[in-house]
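Colleague: Residue numbers (this note's numbering), protein chains in the order written: chain A, 1 to 567; chain B, 1 to 240.
Keep in mind that a hint or two might mislead.
Claimed, not checked - Simulated crosslink set (PhoX-like; lysine-lysine; CA at most 20 Å straight-line): (1) B/Lys-134 to A/Lys-447; (2) B/Lys-114 to B/Lys-163; (3) A/Lys-309 to B/Lys-122; (4) A/Lys-308 to B/Lys-40; (5) A/Lys-93 to B/Lys-122; (6) A/Lys-93 to B/Lys-127; (7) B/Lys-122 to A/Lys-147.
Unchecked claim - Residues from chain A that keep clear of chain B, each with C-beta distances beyond 10 Å, as calculated: (8) Met-1; (9) Leu-27; (10) Leu-53; (11) Phe-105; (12) Phe-108; (13) Lys-151; (14) Leu-207; (15) Ile-208; (16) Ala-223; (17) Gln-265; (18) Asp-302; (19) Ile-321; (20) Asp-526; (21) Phe-550.
These are computed hints drawn from the structure, not numbers from a lab.
The structure presented is a predicted model; accordingly, all values stated were derived computationally and were not measured.
We put the beta carbon where it would ideally sit given N, CA and C, even for glycine.
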Amino acid sequence: MISHDILIVGGGLAGLRAAVEAKSKGLDCAVISKVHPLRSHSIAAQGGINAPLANAPDGRDDSIEKHTFDTIKGSDYLADQDAVEIMCGEAPKIVYEMEHWGAPFSRFDDGRIAQRPFGGADFPRTCYAADRTGHVLLHTLYEQAVKLGIKVYEERTVVSMSVKDGHFAGLIALNLSSEEFEIFEGKACIFATGGYGRVYLKSTNALINTGSGVAVCYRAGVAIKDLEFVQFHPTCLFGTNILITEGARGEGGTLSNAKGERFMQRYAPGKMELAPRDIVARAIQTEIDEGRGLEGGYVNLDLRHLGKKKILERLPAIRDIAIDFADCDPINKPIPILPAQHYSMGGISTNEKAQTEVNGLFAAGECACVSVHGTNRLGGNSLLDTIVFGKIAGEGAAHFIKGSQKAPADKNAILADELKRAEEKKKTFLTREKGVPLTEIRDELRKTMTEKVGIFREERQLKDAVSKIEELKSEAKQLLIGKTDNGVNQTLAKAFEFEGMLDLAEIITKGALQRTESRGSHFRRDYPKRDDERWLKHTIARLTESGPSFEYSKVKITRYEPKERKY
Amino acid sequence: MAPYIFKILRFNPKADPMPYFQEYNVELEPSDSVLEGILKIQDEIDPSLAFRYSCRGAVCGSCAVVINGKFNLACRSLVKNVKTEEIVLEPLPNLEIVKDLIVDLQPFWKAYEKIRPYLIPKVIPEKENLVSPKEERAIDNFINCILCACCYGSCPVVTRDEKYLGPAALAKLFRFAGDIRDKGHTDVLDEIDIESGTWGCDTVFKCVDACPKKVRPTDGIEALRRKTVLRKSKRLIGVK
Chain A
1 MISHDILIVG GGLAGLRAAV EAKSKGLDCA VISKVHPLRS HSIAAQGGIN APLANAPDGR
61 DDSIEKHTFD TIKGSDYLAD QDAVEIMCGE APKIVYEMEH WGAPFSRFDD GRIAQRPFGG
121 ADFPRTCYAA DRTGHVLLHT LYEQAVKLGI KVYEERTVVS MSVKDGHFAG LIALNLSSEE
181 FEIFEGKACI FATGGYGRVY LKSTNALINT GSGVAVCYRA GVAIKDLEFV QFHPTCLFGT
241 NILITEGARG EGGTLSNAKG ERFMQRYAPG KMELAPRDIV ARAIQTEIDE GRGLEGGYVN
301 LDLRHLGKKK ILERLPAIRD IAIDFADCDP INKPIPILPA QHYSMGGIST NEKAQTEVNG
361 LFAAGECACV SVHGTNRLGG NSLLDTIVFG KIAGEGAAHF IKGSQKAPAD KNAILADELK
421 RAEEKKKTFL TREKGVPLTE IRDELRKTMT EKVGIFREER QLKDAVSKIE ELKSEAKQLL
481 IGKTDNGVNQ TLAKAFEFEG MLDLAEIITK GALQRTESRG SHFRRDYPKR DDERWLKHTI
541 ARLTESGPSF EYSKVKITRY EPKERKY
Chain B
1 MAPYIFKILR FNPKADPMPY FQEYNVELEP SDSVLEGILK IQDEIDPSLA FRYSCRGAVC
61 GSCAVVINGK FNLACRSLVK NVKTEEIVLE PLPNLEIVKD LIVDLQPFWK AYEKIRPYLI
121 PKVIPEKENL VSPKEERAID NFINCILCAC CYGSCPVVTR DEKYLGPAAL AKLFRFAGDI
181 RDKGHTDVLD EIDIESGTWG CDTVFKCVDA CPKKVRPTDG IEALRRKTVL RKSKRLIGVK
């Protein structure tokens with residue numbers, strides 16, 4: 001059994017920020033991660049992090065309040081406003097802190113941090129490091145973790161969590177290099193495991209983003225919030241769905257269809273290409289669906305007019321991506337793009353202090369749902385979310401430990417039971433000789449989600465998806481992983497994660513079916529209007545014997561009365 | 001779809017006496033990456049095959065591997081660009097094999113930690129430090145490093161001297177020593193003023209060739225040497 005006061009699951013930005021906070025407060029903490037922390041998906045964030053620093057010449061009037069309002073409006077009023085106020089209020093401090101720790105931000109000529117325009121924002125508010133902002137922030141936080149000597153257990157997948165009488169007890173993790181389980185025992189735990197994008201076939205997410213942390217919490221009985229809100233990023237590379245940053249449009253890139261029209265004129269004349277992501281993604285998908293896309297089904301993102309110098313200086317990484325993966329140099333040719341799954345607004349339900357309803361259990365970053373993004377996250381707010389709430393979770397866990405926490409009395413016995421269940425499951429996976437191949441059902445699930453629970457949704461398709469998922473769930477009882485050998489066994493970890501993916505897909509789809517309105521990223525063709533009277537509320541899902549049960553909770557509104565969103 | 005043969009070095013130290021090559025026939029689109037080929041093998045043919053992967057977009061540095069003798073990330077090598085129907089995959093050299101294409105990166109991370117890979121700030125201002133675009137550009141190339149260890153695997157000095165810090169760690173040291181906001185990492189410069197540190201490099205640019213992110217570690221190492229010599233000469237004439 002491995003013991004630390006605070007266990008942090010996930011080594012991306014949120015997890016590392018939590019660890020740095022707890023460790024610098026003198027607490028014993030450790031990070032458990034599926035991959036080396038620098039391989040976490042935070043690394044792939046490109047465009048930037050929002051903070052109203054007012055550094056840009058045309059951004060001098062920006063303020064925390066304006067950032068707060070833009071975020072709430074962008075969320076289509078489902079964000080909890082007290083939490084958004086905290087996030088935006090902390091933004092300048094957090095960005096300065098990362099700069100003091102060495103983050104190499106791009107600069108304006110006067111030496112201050114450069115800021116670029118981003119979707120749904122009234123000012124150039126997005127601080128950036130060319131188009132590799134996630135990369136530099138993750139490296140910077142990892143550097144701080146190395147400096148503080150934070151212990152990392154890498155290449156471990158957490159497969160289950162024990163909760164007893166409302167208290168966190170411990171975790172069971174599969175060590176990927178030995179195929180053995182390890183018990184992790186702690187007084188507090190922070191989940192920072194990222195999103196569930198890989199439940200979808202077409203996603204910008206890293207292959208590791210299976211939502212495993214959210215699923216582990218769900219299976220331990222923790223409330224899961226707003227899972228039906230799934231962000232589709234407007235500009236993903238045709239063919240591979242690799243992200244092409246919103247910063248490309250922030251720098252002046254334009255979208256055009258097969259006729260060469262800048263079609264955003266018809267969808268969001270005020271903000272054009274820099275409308276919020278849900279609106280731009282629907283516009284692109286509509287162009288493609290109505291036959292105005294280019295052959296194969298995509299539209300063009302044109303950067304040519306920015307010129308070689310600006311592209312090389314501000315967007316070098318997406319140029320490399322376009323060249324490496326699509327044989328397309330954006331200096332000479334428009335980039336073929338289309339929308340794909342990108343971000344998980346929903347997740348483990350927390351309050352504005354990153355606390356879940358379980359004592360000693362916290363969650364932060366994309367795996368959590370505070371909610372600060374509501375139904376649609378603004379670009380540049382996810383990096384901010386990870387660092388602000390990672391820090392808050394670290395503080396919260398430290399505070400919890402110093403307080404009079406109560407541990408479940410029979411912790412060791414509970415964890416031994418949990419381990420036994422995991423061992424039995426493992427044995428079944430390793431010895432089963434006949435069944436349904438894992439790859440087959442997994443691909444079927446992903447296809448179903450992309451085709452039927454995508455950008456545009458409607459009752460018939462959602463119902464089809466629900467029955468498909470139920471069918472797959474029953475097939476998964478005979479999951480076959482094939483012949484592996486001892487030593488590194490990644491396939492075994494995939495099998496454990498797959499069960500969780502099925503659960504999450506079920507919650508997303510059933511939640512989407514029940515929500516008979518359109519709001520932000522959730523668009524129902526059969527209910528195209530937002531319905532505040534019935535649906536200005538969060539969806540809360542919990543595990544029961546017969547699948548998820550749903551209830552709804554109030555949205556916290558402080559100063560901004562819901563209004564119709566216009567861009 | 002077109003047929004490809006993946007010839008992959010297999011080795012499970014827990015079971016195999018020696019590494020060996022195993023061939024797999026895979027149908028792939030020419031625009032698929034080598035990583036997609038490996039994933040397809042793991043998914044459909046041989047679930048026991050082991051390799052690291054994560055972002056599949058050439059930023060996380062997990063899938064560094066040797067493809068037909070050349071260092072690259074498996075995700076950014078499209079099979080059509082490999083230009084042979086037989087694709088030979090080997091793990092990074094200079095590191096022990098954990099299993100198949102997975103190597104033990106501990107020596108690489110130890111070298112990285114040794115150079116104190118974090119900013120040692122001169123001051124902590126109220127807002128941000130002011131950095132001119134020119135000062136920003138001085139270290140810009142080294143910021144691109146994703147620590148994939150291609151350079152470490154390619155370096156002949158690492159092969160010869162296992163104590164040598166290797167290209168990535170030294171380039172990272174220059175990233176800090178050359179950062180206008182940093183005190184200069186002078187203690188580390190003094191500590192590694194030895195053959196297995198600043199002076200080990202043969203300047204044969206293998207690392208520059210191997211880097212999938214266009215980082216030029218050799219340039220960083222040369223800059224460290226200039227800094228070290230300058231510090232010594234200043235000391236000789238009594239300048240602090």
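Colleague: Which of the stated hints cannot be reconciled with the structure, identified by number in ascending sequence?
Modeller: Numbers 1, 3, 4, 10, 11, 12, 14, 15, 19 - these are the hints that the structure violates, sorted from lowest upward.
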